[in-house]
Structure formats: structure tokens, C-alpha cells
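Going down the list, the sequences are from chains A and B.
Just so we're aligned, residue 41 is where the first sequence starts under the numbering used here, counting upward by one.
Just so we're aligned, residue 274 is where the second sequence starts under the numbering used here, counting upward by one.
Since the hints were derived computationally from the structure, they do not count as laboratory data.
Keep in mind it's a predicted model, so treat the numbers as computed, not measured.
Do not take every clue at face value.
[What the hints assert, rightly or not] Derived coverage of chain A by chain B (criterion: at least 3 residues anywhere in the stretch with Cβ under 8 Å from a Cβ of chain B; other residues may be distant):
#1 183-196
#2 230-244
#3 262-276
#4 283-289
#5 348-362
#6 367-373
#7 391-404
In this text, a Cβ means the ideal position worked out from N, Cα and C, and glycines have one as well.
Here is how the chains run, residue by residue.
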Amino acid sequence: MAGMSDLRVLDLSDQVSGAYASRLLATAGADVTLIEPVDGSSLRSRPPLLTATEPNRSAAFEYLSAWKRGVALDWSSEAGFDALGRLLDQADVVVTTMAAADALAFDRRIRAERPPLIHVSATSYGLTGPWAGWRSSDLTDWAAGGYLYITGDPLREPLQGAGPWASYVGGIASAVGALAALHARRRTGRGQLVDVGTMETMASAHQWSLAMWSHQGRIKHRANNRHAEAHHPVSLMQVGDGWVCIAAPSQAQWINLCVALDLPEMADDPRYATAGLRYDVAEEIDGRFAPFLMSRTRTEVVEHLQAQHVPASAVLSMDEVLVDEQLEARAYWAYPEDLGEGVKMPGVPFVLPSSPTQFKAAPTLGADSASVLDEAGMQREEIESLAASGVIGLSGADCG
Amino acid sequence: MAEGMLSGVRVVEFGYAWAGPLVGRTLGDLGADVIKLEQDVSRGGHLPDDPVLRAALDDWRRGEAVEPMLRASVFPDGEPEPEPWNRAGIFNKHNRNKRGLCADLKSASGKKIWRRLVKQSDVIVDNFSPRGVKNLGIDYETVREWNPGIISVSCTGYGHTGPFRQRVSYGPVLEAHSGAASATGYVEGGPMKMGHAFPDPIGGLHGAFAVLAALWERDATGQGCFVDLSQLQTYTSVAGDLVLETSAQGQAPARGNRSRSCAPQGVYRCRDESPDARESMDMWIAITIEDDDAWKRFTILVGDIRLEDDRFRDTSGRFEYHDEIDALINEWTRPQDRFELAERLQAADITALPAMTNGDLVQSAHLRDRGFIVEWDQPGVGVYEYGGFPIHFSDWGPTEMHPAPQLGGDNRQICEELGFSVEEIDGFVADGTLVDQPPLTGGR
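Between the sequences and the hints, there should be enough to build the whole structure, so can you do that?
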């Protein structure tokens, strides 16, 4: 039977969700080809832009497109759609991020002739329902899934996460959907349309708040750097040279923490008996911790607490993450040399038996157009004629 | 049970808290036979016989105060008893579509059960630390001796190798370590954690992907495998573009709610509401104006002459005067209903959405239309609504929802399937290996 490296995935997406879904499939060993317009995917201009490269390249595109091959193909024309059809004929999975109406129309157009094909549609709101056609952004994705309202200071405006992480979460679910549909196809022989909405994926990524509403009718508030109005300490705290996270929700962890901070009497105080009671007097507890914490560095505090089995970490800046000894020791980084000497990005998130062992940088525009179409059985003359009429873009001088 | 997409796949999930249980739940939602393996203390104990806690509980019952720990456990109507270990909404929500086996793996009988379970399963999932995995005897080196085809996916915080492999963590600890917490925050403020332990669902969903990929590969090669999934790595992966940017540019991204490519974008205050009929709460709408055309549509809709200022005509001007624009937008949104406002803005092709509360999500007409809000009859709890499965398949019906297992609720059935006789099973109960109650605890 076919393994991961036999899987052919066409990535037609121009949003983070679909791009991350197909990147995950690539890091699991699948053969993933990015299909983008002849003038380049809009992801190529998505912030963050790398100003050291000329023209400025998108960090999002370079990261999300690693391990993919690239074909520049305008499939809005009939000739282009025929060429895409040749690739779809040989594909197991196609990933799209087009708007709901377009995704459904595309699915109808490709499905009849290719019953085994799996089409994974990643959108913000899904393909059906009253909001299916609504517009979205990274910020509204945070709003839709309910994380925006609960993140930040209760006395200020709600806060988004620093990146398009909601869309990434939609992407992981889309990759799960792709593999689940492949497993089902083994049994039925049929492909299907897999409809993943980022809003729902984020709504199902809440710890307890939906059940809190249905079971108790309570609204979950923002809690600043404390945890969820329910446990203390599970929070970011200041120390001498910055911030740490200390998490001691269980009784054993609380006792270990008090002992480690030289405050054993706090472990016996009935007012601090549970993580919940501690939450209501968190200010007072933090005040008692402060002299110990503020007179030590992040490293001192974290090593001291971890030695007592209290979950804790320094709040690292992104710069510090790049030189973190744990990630380094686990060979986590990939090195896209084209983006500068020593430049790093996350590589394979976890190693599967089928994962690639060598890094492959994101494709330049049209880099693999000719070879991919050749593999699909297209004659050289046909490829040249498609290039001449602007339907496909080839790499190098032909590339616009 | 109707045939599911993963029918025939048996998963043993030895998970606690959230990430591990989410791997199991995702596979269970897809139709795998997921056995949740627990210890007697896995769900906490009986309610402690402690005067302080009892007083807090009585307050709760009178509706006068809320003991926060009980709030987070999400007992129906705030009532933990009887059998609080079977009534916590947070547990039942994470563990639908699984069967429950509660066994002491350290006993001789427990080892027998574990060995047979491994032999008759396809996948083992855990989210303990490497030390915990070894102590429990559920490590890959041990189990593959019994079943070379077994797939073991271990979702630790830091991974099974490296200098920090023995560190203990929860999601927020990994948020700190990954750089995500420092990248998030108000423009003038410090780092900020997310409203829930966000690394957990990200680790859990990646874990489900790992299981499905490993199963697919095993079908081709016949080989099982060990997947050493570090949740630090899966969380850093979703910040991959920011990490790459920092590496290439030498500076961290800016905090806040603004966009880096368009303006204005922000979260604006709307009319307060009292969703739970108790207190007035602040409500908000997120708005993104992608380009000059959207800005024109927006200013026409708002109808405030001050926004039609020439200084705001293009993106760079709107970035320059973002604060001034924000103040005017806030003035406009403040008295308005956030849902009506979102409808009007979307009708004008402007990107906007209310900052959904947990109550909004459960009541959302959109999510209900898509069948995302589900309910099931949880034994001893009753019928309540929950968030459903976020992946929709055109060729399979909606995901069936079966209640979360009672602690040890399927002990007998599972042991019978493993081929133990009724007498043997009686013996496992008698020697204390199979249990269906947490140990009695005197104090807190």
C-alpha cells in the first residue's frame, strides 16, 4: 500500500490555514506542489516582509512553503484549467482557501471526473451557514473563535495573539481532515469534500468556557496574565531581569513552590488551600512572592523551581528562542540559506518515519512548473506553448 | 455504533489535562475505538472533608459566591455531588467518544491487563513527562517488545531528548518558553498570555495528525514507530513566520491589535450587555480595513465628516493618524449593538466581527446552522450542550456524540474483550487493580 511519500498534494491555497495544512503534510513526507498565479501567490507579499532581501520576501511565504514544489499556473483560462486538471488527475488531495461560493463551485467542477479526489477547503467560517460568505482577517479570526474576548486586560480592549495563530489552528485541523479522508478512502474508494472553518476549530480549542456557559450560564472574562479566573498561580510574574511563567495549580506543586520560595508557612495557610481560593487573593500572594522573585534572575528562578518539580519557564524573547539550548539540541531548526547566513526557521515540528531528512526551501516562482507538468505527461511543446501564452510561468528568465 | 472513518483502529489514550485527551477525542470523533486509561487519582478525589472548602461549597449552592476552582471544573449548575469525579463539565467535554478503563498499572494484575491491551491496540497516546512515561512502564521500548506494530505518540512539553527533557510544564509555561507570550501584548505593556492554555489544543491537534500519518505509513511498511512530539516545538511552529522574521531582521514584531499591512484595524467598544443577567459587561467588535476602497465604503457607512479627512485617504496616512481614527471609530461603535453592527459592516463588504464570548459561541446561529453545537446525555449529569467536531466531511454523516466514560465505567467490558474470564476480572476488582472510584481523602 501507498505510504506518505506516495501521496500527492496540490496546494492551491493563498491563506495561512491551507498553506500550513499542506506544509504539515510535506513535513510528514507527502509530495506537495504549490500552485500559484503566474504573477505569484498573494502569500508572497504577506507580512512579515524581510527587508534584507531584494525584492522583499515574505517570512510567512518562505516558512509556509518549505518542502513544497512550485508551479505558476493561471487556471482561470480554459487551457490553464485543463493543465490543472492533468495535475488533479494524479493528485490524492487538493487544498484550497478560496471563498465559500468559489470553493463549492470549484468542487463541483473537479469532482465528477475524479471521485477519489479529496478536496480540503480551509476557510474562516466554513462553506455553509449564515456567515459563510463573510469577510475575515487575522484579527476577526481571533474574534470569531472567542479567543479575542478572553485575552488581555479586563479593563482594556481585548487583545489578539501576535501572529495569525487562529488560521494556523484551522490549518492543523485541515491536515487532520485530509488524512482522515484518506483513511476513509481506503475503505470506500471515494474521495470527498472536507470543510474546515477556523472559527469552529478555535471554538473547539477552548479549555472549558463553552461548557461553562451551557452548564452554568457564566461568561468567561479576560484575566490578564493570570489563568482563566480559576487557578493561581498559573501566571506570568516579574522577576529581577524580566518575566517568568510559574504554574502550580495542584496541591503538591503549591507546597513545593512555597518551600522553594522560602515561604513554607504559606503552604499551611487555609486561605491558600486550593488553586481557586488562591486566585481570589492572587495580589496578596504575588506580593509575598515578590521579594524572592525580584532579587533573582529568570534563569535562577526557573532552575530553582524546576528542581522542585514546579512547572516554570522564562518568558523568552523571540531572539532568545532562536538560541534556546533545548530547541538546538533537538535539531529543530531549518536554515534557509537564501534568506541570509545563519537565518533560522522552525523545521519539521515532530519527526515521523516518513519525514524528510533534508531541508528544502520554498520554491521560487515557477521553479517546478516544467518538471511537474512533464511528470504529469505533458509534452515539451505543449509546456512551451502554455508558457508562451502566459498560462504558466517558468523559472529563470521566463519568470515575470 | 455506526461505522466511523477510523473504525477498526484501537487507541489507548493515557492523557491528562488537555493536550493528550484532545488527541484521543479527535480520533474518537473520527470513529476510532479510544480507550481512556486512567488511574484512580486521575480526576482528582472525593470532595475534601475540609471546613474551608465545605463553607465555600455552601456559598456556591446559595449562589452567594463562587469558589473559583469549582467554577473551572464546570459542574452542572454548580453542583458537584454526587460523584464529582463523574460530573465535571471540563472533563466530560474533553473525553466524549471514549471508553473508560481505570486500572493500577503497577500491580501484577495491572501489568497483565496493560500487556494485553498493548498487544490488541494500534496506537498509544500519552502526555506525561519522559520520567512519568518511564515510571508508568508505558514507554516505547517496553511496549514494542509486545507489539512491534504499535504506534506510540508521546506528547511531552519539551520532548524526550535535550537538556530540558525532564522539565515539567503546562501550556502557559510553553507559551512563555516559545516566545509567543513575549510577542503578544499591548503596545506599551509587557508580555501577555492567551485566555486559555493555547499550546494544549495546538499540541493535541498536531498529535492527532501525527497518529493519522503514522497509521498511514504503517499500512505501507508494517512498521510501528515512536513519535516524540514536543509541545514546545508544535507551539513554536505556529509562530514560524515570526521566528523567521526575528532571525532574519534581528528585531521582534510589534505588539498590539494593529495590522502590519493595512489601517485602520482595531477592537472597538460597543454597547455593554448583561448576557448572564448578573452584571453589565463590555462588548467589542473587531474591524479591519484592508485598502482604500474598503476605507471609502466604511466612511460612507459611518457618515462622519471627520473621517473623510484628506489625511486619512491612503494607507500610510491612516497608519500615521491611527490613534485619531481609532478614537472616532470608538465614538461611533460605542452605543451600537455589536451583532447588528457586524451585519451592517459585512453587508457593505467591510471586514468586521464581534469579539465572541463563550455564551455567543454556544448561541451562535451560524455555528448551530453548521451543526457545531451538539448535546449529549451524560450519565448522572443530564443533557447539556457542548462544542462539537470542527471538521465536516461530505461523505460521512455528522460526528456521533457518545458521553464521556464514568471513571472505570467500561472496566469489565474492556477486560472481557481482552479475553479475561469473569473470574479473572473479579480477581482484578478484588485485588484493587480495577477501580471505579477515586481514593478517599481525609483532608485537602
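Which numbered conditions among the earlier hints are violated in the structure presented, ordered from lowest to highest?
Violated hints: none at all, because every hint is consistent with the structure.
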